[in-house]
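Visitor: Starting from the structure of chain F, add chains W and V where the hints point.
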Amino acid sequence: MKTLDAVIAESPVFAGLTQEQLEFIAGCAQNVHFDEGQKIAKRGDAADIFYLLRMGEVALDVDVPNKNSVRIDTVESGQVLGWSWLIPPYQWNYDVTATELVRAVSFDGACIRGKCESDPALGYALLTRFSQVIVGRLQATRLRLIDIYGADTH
Amino acid sequence: MRAVLAPEALEAIVDVLRRRDWRVIAPTVRDKAIVYGEIASATELPVGWKDVQGPGSYKLERRDDEARFGYAVGPQSWKRELLAPSVRLLQIKRTNGGLEPVKDAAETKRTAFFGVRPCEVAAIKIQDRVLIGGKYADEDYLQRRENSFVIAVNCGEPATNCFCASMGTGPKAEDGYDLVLTEVLDGTHRFVAEAGTDEGAELLAELPQQPAANADLAAAEKVTDAAREKMGITLDRSDVRELLQANFEHPRYDDVASRCLACTNCTLACPTCFCTTIDDANDLSGEADDRLRKWDSCFTLQYSEMHGGGTRKETKSRYRQWLTHKLSTWQDQFDTLGCVGCGRCITWCPVGIDIREEVAAIRATQEAKS
Amino acid sequence: MAQTLTETAGSLEAMTPVPYAVTAKRQDTYDTWTLELEPVDGAPIVPGPGQFNMLYAFGVGEVPISNAGNFETDERLVHTIRAVGSVTKALCAAEIGTVIGVRGPFGNTWPIVEAKGKDVVIVAGGIGLPPLRPAIYHVLKNRKDYGRFALLYGARTPADLLFLDEVKSWQCNYDVDLDMTVDAGDTDWKGKVGLVTKLIPPAEFDVDDARAFVVGPEIMMKFVAQELMNRDLPAESINVSLERTMRCGVGLCGHCQIGPTLICRDGACYTWDKVEKLLAVKEL
Chain F
1 MKTLDAVIAE SPVFAGLTQE QLEFIAGCAQ NVHFDEGQKI AKRGDAADIF YLLRMGEVAL
61 DVDVPNKNSV RIDTVESGQV LGWSWLIPPY QWNYDVTATE LVRAVSFDGA CIRGKCESDP
121 ALGYALLTRF SQVIVGRLQA TRLRLIDIYG ADTH
Chain W
1 MRAVLAPEAL EAIVDVLRRR DWRVIAPTVR DKAIVYGEIA SATELPVGWK DVQGPGSYKL
61 ERRDDEARFG YAVGPQSWKR ELLAPSVRLL QIKRTNGGLE PVKDAAETKR TAFFGVRPCE
121 VAAIKIQDRV LIGGKYADED YLQRRENSFV IAVNCGEPAT NCFCASMGTG PKAEDGYDLV
181 LTEVLDGTHR FVAEAGTDEG AELLAELPQQ PAANADLAAA EKVTDAAREK MGITLDRSDV
241 RELLQANFEH PRYDDVASRC LACTNCTLAC PTCFCTTIDD ANDLSGEADD RLRKWDSCFT
301 LQYSEMHGGG TRKETKSRYR QWLTHKLSTW QDQFDTLGCV GCGRCITWCP VGIDIREEVA
361 AIRATQEAKS
Chain V
1 MAQTLTETAG SLEAMTPVPY AVTAKRQDTY DTWTLELEPV DGAPIVPGPG QFNMLYAFGV
61 GEVPISNAGN FETDERLVHT IRAVGSVTKA LCAAEIGTVI GVRGPFGNTW PIVEAKGKDV
121 VIVAGGIGLP PLRPAIYHVL KNRKDYGRFA LLYGARTPAD LLFLDEVKSW QCNYDVDLDM
181 TVDAGDTDWK GKVGLVTKLI PPAEFDVDDA RAFVVGPEIM MKFVAQELMN RDLPAESINV
241 SLERTMRCGV GLCGHCQIGP TLICRDGACY TWDKVEKLLA VKEL
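Residue numbers (this note's numbering), protein chains in the order written: chain F, 1 to 154; chain W, 1 to 370; chain V, 1 to 284.
Errors might be hidden in some of the hints.
Claimed, not checked - With beta-carbon atoms standing in for the labels, derived distance ranges:
#1 V:186 / F:38: 13 to 23 Å
#2 V:111 / W:21: 53 to 63 Å
#3 V:86 / W:229: 51 to 61 Å
#4 V:86 / W:98: 20 to 30 Å
#5 W:37 / V:13: 32 to 42 Å
#6 F:44 / W:314: 42 to 52 Å
#7 F:78 / V:186: 20 to 30 Å
Derived by calculation from the structure, the hints in this document are not laboratory data.
Computed from a predicted model, the values in this text were never measured in an experiment.
Every residue gets a Cβ at the ideal spot worked out from N, C-alpha and C, and that includes glycine.
Here chain F stands alone, though its shape is the one from the complex:
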């Protein structure tokens, strides 16, 4: 079994950070797990935590009045869940549910955020990396807007 430090260091989202920065982040991290169906976050909740998924899958849902909740995305193992901890107003945008047994590393976003305020180098490094996560989601969302299967092949 890998140590928490090793898992963090190997994740693409933290790749390239200095040893000192990694150690600080590892100090804010712990292993967690969620059972199938367990709620991980609720829209509007304070977003003080983000996750690195090591196993399993979570769903992002929006509750639409007069409809059942709409599943707008899923996040799978290896990916980062949550970027709202980094950007005001630090609130979850979606309901997050484990759709199967999930093992993850959770990070104390509020703690890291505080450190970023006083350490611009770390703040810049993390903002750059999480921008990629956000841009990736944005691109995928835009492509789905095109409705690529609309003008389909035979």
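Guide: Just chains W and V now, with coordinates in the frame of chain F:
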């Protein structure tokens, strides 16, 4: 086999062929233009006429001699005869819940094309390659082609839009004919004839003739040499395949699109344009479909129509398709150029777009040459 | 010309439809049906994986449709058709016993035999699965000749996913790494939500020894090819199938050109390196 024919011998050509029960299609004057039609006598040829062509303009004028072939090319090409504008490929009948495809009986009557220009001989060779030279062949085209007999006439009077010398297809036909004539107008009006096939030689043998002297052959050579010199080189086709494929997004296409009406004239007049559509037309009884093959044009939106819309919505894209196909991608597809330099697309363009100018403009400001 | 051209001319029967009867029919989704066809008389057409046929509905017209059958075991023609135009609607409305016209098989084949010994990655978008089915059957029948087999399948909604039972049976019986996603889920959908491209980063295959086969809308194939190349799979190892209007299906009518290539004659299967630049030119 070579010989010299007097102008009166042209009548003998028509006579001999018609006695064999062949159709003879030749240039004639109709509606103030040189058009191809069936003739019964050589007197129906456009005797003493010339054509004056420019970008978007064409008119016939009188000559001061009795030349039989003193003009370049008219709006039509022999494509009309070989790749007919609309043809029934077969009929599909509904029978007892089943389907029965029925083909019409093959046409066996021979047709002589009398007065085929070297550029048009080249165009026929190109269409042969496209329509019968691949894995699958167009049966109707093949039939008509087998029935055809080509009497070529070399060019002495190229029009201003002619550029066969640039494309290497004229003004002298090198092969692809049964019989070729060169009309010589210096002093004695005569034709120098040369057979290209056994059938051509058989016809020539039946004609009143004189042996061809060296002076006659030299005079004939002078006719085409003068025509070549008069035309000059007006389209630089060196590396044109690479040039156009490296410049698909050249701004010149925006410029030409502001002039092009997407009227399809160039594709209809072009002797090599071969695009067709298949139309299954139901008869009134509802018991049979006629499968029609009809000329189509890459300048229409419907040409590229798929469910969900046409893939070439802009005129720019359609002109680019046509130009790059003619001079560039045709070479990838069929290992030959798709343009013979007949100039029809220039003459019959209502706004006078000149393919030579468009290529030159792209060449002058190319983005990259690969 | 003396009668010499016929000797060298190509085949003349390409434009004549052969009568085929609909012998089975199944509705796959709200707008898609699968027809099984057998010749009214005579020997059946035997297509290769990736080839298409021209299907003719009497009184309406003709369209190119990919072969979706299992040529390994079955001589019936199988075509999965989405009812989007007048001809495809007429074909989808055909009853068992209806006779339609078939011309083909036309076009080239997937280089699936050439992929022997390698990992195979199939990426299907929406109704892109049927054209890949013959290649999938080939790999399944010769499963031990191939390495890992990833089947990545995306569609707009769960209702658009084709052949779900069959796809799941492949997963169970043939050691297929199946991964699916939909653009928009519904309350019953328990699987992934998101673009089909998201299935590529986690898929397990050896980029140095794999072949990908991708079919879907052109825009989907572009993003999928890009994602595969982001994993360092060479463009030469990515196969796609292109589509343009076709009238003749045999290289005579000119409609299906994209630049230097005629899709019906040179394709419809291409490696990505051959077409990437062409597809990048708007309205080529």
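Visitor: For each hint, tell me whether it holds in the structure or not.
Guide: Cross-check of the supplied hints:
The given range of 13 to 23 Å is respected by residue 186 of chain V and residue 38 of chain F, whose C-beta atoms sit roughly 22 Å from each other. At roughly 54 Å, the beta carbons of residue 111 of chain V and residue 21 of chain W sit within the given window of 53 to 63 Å. Judged by the Cβ atoms, the range 51 to 61 Å given for residue 86 of chain V and residue 229 of chain W holds: they are separated by roughly 57 Å. The hint said 20 to 30 Å for the Cβ distance between residue 86 of chain V and residue 98 of chain W, and at roughly 22 Å that hint holds.
Between residue 37 of chain W and residue 13 of chain V, the C-beta spacing of about 34 Å keeps the proposed range 32 to 42 Å intact. Distance hint check: the CB atoms of residue 44 of chain F and residue 314 of chain W are about 48 Å apart, consistent with the given range 42 to 52 Å. Between residue 78 of chain F and residue 186 of chain V, the C-beta spacing of about 26 Å keeps the proposed range 20 to 30 Å intact.
Against the hints set out earlier in the document, no violation occurs for any number.
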